[in-house]
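Given the structure of chain V, go ahead and fit chains W and X onto it with the hints provided.
Residue numbers (this note's numbering), protein chains in the order written: chain V, 1 to 286; chain W, 1001 to 1352; chain X, 2001 to 2254.
Bear in mind the hints are in silico, worked out from the structure with no lab data behind them. Wrong hints could be hidden among the right ones.
Said to hold, decoys possible - If you want the footprint, here are the derived chain W segments under chain X, 3+ residues with CB under 8 angstroms: (1) 1077-1086; (2) 1204-1212.
What the hints assert, rightly or not - Here are the simulated EDC-like pairs of lysine to aspartate or glutamate, each with C-alpha atoms no more than 16 angstroms apart in a straight line: (3) X:K2045 <-> V:E178; (4) X:K2075 <-> X:D2110; (5) W:K1292 <-> X:D2110; (6) X:K2191 <-> W:E1291.
What the hints assert, rightly or not - Just a sample of chain V residues kept apart from chain X, beta carbon distances all over 12 angstroms, derived: (7) E174; (8) E178; (9) Y179; (10) A183; (11) G186; (12) G187; (13) P200; (14) Q201; (15) F264; (16) L268.
Here the structure is a predicted model, which is why all the values come from computation and not from measurement. Quick reminder that beta carbons are idealized off the backbone N, C-alpha and C, glycines included.
For reference, the chains in residue letters:
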Amino acid sequence: MRFVYAFFIKTYLTVMKMKNWPPTALLGLILLITIVLITAIGPLLIPNDPYMANMAERLSSPSLTYPFGTDHMGRCIFSRIVIGSQATLGITVLVITTVILIGIPIGLVSGYIGGRVDSIVMRLADGLIALPEFILAIAIAGFLGPSLTNLMISVVLVKWISYTRVVRGIVLSEREKEYVLAARVGGCTTWRIITRHLLPQIISPVLVLATLDVGKIILIISSLSYLGLGAQPPAPEWGAMLSDGRPYFQTFPELMIYPGMAIFIVVLSCNLIGEGLRDKLGEKSI
Amino acid sequence: MTISVDFTQPLTNDYVKEETFFQSLPLLEIKNLSISSLGENKKEDIKLVKNINFTIKSGEMLGIVGESGSGKSLTACALVGLLPKSLKVTEGQIKLHGRELLNLSEKEMRRLRGNEIAYIFQNYQGSFTPFIKIGNQLIEALRSHRKISKLDAKKKVLIWLERVKLPANQVFTSYPYQLSGGQLQRAALAAALMFQPFLIVADEPTTALDVLTSENILDLLVELQKEYNCAVLLISHNLNHVLKRTDSIAVMYGGQIVERGLTNEIRKNPIHPYTKLLLQARPVLSRVVPEKLVVIPGEPGLVAEQGCAFALRCPKSFKKCSILPKMQSVGDSQWVACHAADLEADYTNASS
Amino acid sequence: MLQVEKVSKSYRSTSVLTEVTFQMEQGESLGLIGESGSGKSTMAKLIVGLEHLDGGQITLNGLDFQQLRGAELRKARRHVQVVFQDPWASLNPKLPVWKSIIEPLENYPDVVPSFLKGVRNDKRKMAEILLEKVGLDRDFLERYPHQLSGGQRQRVGIARGIGLQPNLLICDEPTSSLDVSIQAQILNLLKELKKEFNMSYLFISHDMASVQYMCDRIAVFKQGVLVDLFLSKDLFSDTRHPYTKMLVQATVER
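Looking at chain V on its own, in the form it has when it is part of the complex (with noise of 0.2 angstroms):
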């Protein structure tokens, strides 16, 4: 647990020690901490229960009691936005931690101690990189059948070894460096070492990697919900009702536009704000 507290402080100090922001970056910033800020307290917003059908008044057009109008099933879009905003940010937050979890330590180990894990490692990446992304993610949600929790698996499975791999690299590129050196042989312990030297080193290349890759880790979670792997109905998650407007594409478009429009604000934003910390730390590489 050390490790974990350890991460995320010296992450915090990171991204307090910035100063001057880009704009773009401050707008994907504002943007986020807004949409955040409106999963958080989403159960207050809400003019409707986003689960109760009122087949009288199924697509119907935005009115005072529902903003965005109601779905195929006479469902408030409106709230199913805002509370499906939970799943798809909860899990793609979830995600993102556990990757980070599993494939900043393994990095280390292999990077510095290199050797058998070393190996294994490296093997295994290059056997996941032959694959796309999501392909593979779809394969794997599908065998383990469909559920949000398989879809995280499926996802954390595809996503982790890109994070070692980076941290592998940079390890290796340090570890040579004089001031490692000078570490061992004033006598640090491999663990101090990886703890106290590397690890500094590569959080913000990592927290660089992250930002950039919710957006991704979002359009893969909506993705597979859209094809049904994911959320099961009648719970609310983007990429669901992405799924469930398809029919309706023609006639009322805007039962994909808005779930499609809070995808994209969300993964602009991420965007942002992950271009932005790689031009303020400098971590022109990824």
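For chains W and X alone, kept in the frame of chain V given last:
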């Protein structure tokens, strides 16, 4: 070694190379040159090189010595028009054969580089593209500047590789990574000299090389320079190299030339406190090893904003040093900019 | 104190060191000189234990590093410390100066050097004392490496090196990436510290003049072979190896 006369003569050149004509005139004249960096908001510009003057004659080797940040490399870059975008020449003139170089267009400057002024970098790996054979790179360089058939170019390249004492045929077909640093720097020397430039700018040419290798390469440079009577501007932080080989020296500190003159004069009789300390504050091989080395106080970055740049580190500085000292001639072939030295000179004049 | 016996080392098929043998006494300073690739830096890495030897033996104070494992090895290693060549790379850019300096002392909490008696539990005080020893004042404690000049960083590196009061301090080209005007400062500092702590120096350099200034004896390496080993005062003697003579020739001023 057989050399056909054709290949050692310049093939085409806009300017007739009549050495007799230029003998009396300086080849390169730098007058009052200042270089500033444009700050981010383009308002405050920091002067990095401050009003420097020097000249080089054909066949002369001038050494510029100074610490990092003294502006010696910037001067060289300005000379060949390779200053980074954030830096600008704000004042002064650079004249080659009386022709102002600062007004030349980028295209004219490109023609001039290589053809009339050659540049040898510190980073020998950077002078060649890693995945093209040395021979082909040299031929390409030759053909981009001169109208010459491929076969002739190859002959010429081989001759020059031999000139710099490399196994010509082998090096010709090698990739850069197959050669050692010394060999690469020799090849770079061949690349520079095969155009028979008027001036070679060598910016720390041997810093990355071993002691014996650098000695050999510098010896070769001197040898070829004598043979072709071109001028060399040797920039180095290694006093030893410069003292050993140059005809004259300019010592820079904080963007100013603090002392210049004939190498022998300066070695025997340094006048500026910085030059004096530089000569003393380094271990020198001798039969009697000193117990302690003379130390220049402070750090290289310590440059006075006003007046003499060295004033903050100078043991002899006094009130007047906050005013920029003028270059004064001492004897026939030595110039120094130092108030303390002036004072001493006055004193000795008065007493004698 | 240090015994190097028939040490060989090769990377893949290229041999870097062949059967190198020499000894060092406590308080003595030995200069290793040679071109790049002559194996002098590899020698240093073998002595500190950053690399494993292929053949031969290195013993320090009677202990064979190759046979020690784990905690024993760590304990033995503290008697050798290193000052690295590149002051820009040898300090962790993310740590303030004082943390870098006292890191070895944190790693060996049992070691109490004579000059740190009484303040062994006060980390800042220890860092302050060490900084003072290398001629930097306490204002530097909180600075980060990027705020220092090359000479100042090298001083910090030296402070870290002497913290454990090692028997042997290996100086791997400590001045070669510094400006001329700073080299003398650092060489003088190293010489003073050596006298103060009666340390032995293994001084690695490609510059004959600095080696002559710093060392009692000089070992000349050529392509992994120790070709010449002599007292510094015999540097100009006629019996020197031809290679040594060439190096001297290249360094003397005409």
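Evaluation of the provided hints:
1. 1077-1086: violated (count 0)
2. 1204-1212: holds (count 3)
3. X:K2045 <-> V:E178: 12 angstroms, holds
4. X:K2075 <-> X:D2110: 10 angstroms, holds
5. W:K1292 <-> X:D2110: 36 angstroms, violated
6. X:K2191 <-> W:E1291: Status holds; Cα separation ~9 angstroms.
7. E174: 10 angstroms, violated
8. E178: 4 angstroms, violated
9. Y179: Its Cβ does come within 12 angstroms of chain X, the nearest being 5 angstroms, so this is violated.
10. A183: 7 angstroms, violated
11. G186: 4 angstroms, violated
12. G187: Since the minimum Cβ distance to chain X is about 4 angstroms, G187 (chain V) lies within 12 angstroms and the statement is violated.
13. P200: Non-interface label fails for P200 (chain V): nearest chain X Cβ at 4 angstroms, not farther than 12 angstroms.
14. Q201: The claim is violated: Q201 (chain V) sits with its nearest Cβ about 7 angstroms from chain X, within 12 angstroms.
15. F264: At about 37 angstroms from chain X, F264 (chain V) clears the 12 angstroms cut-off, so the statement holds.
16. L268: 32 angstroms, holds
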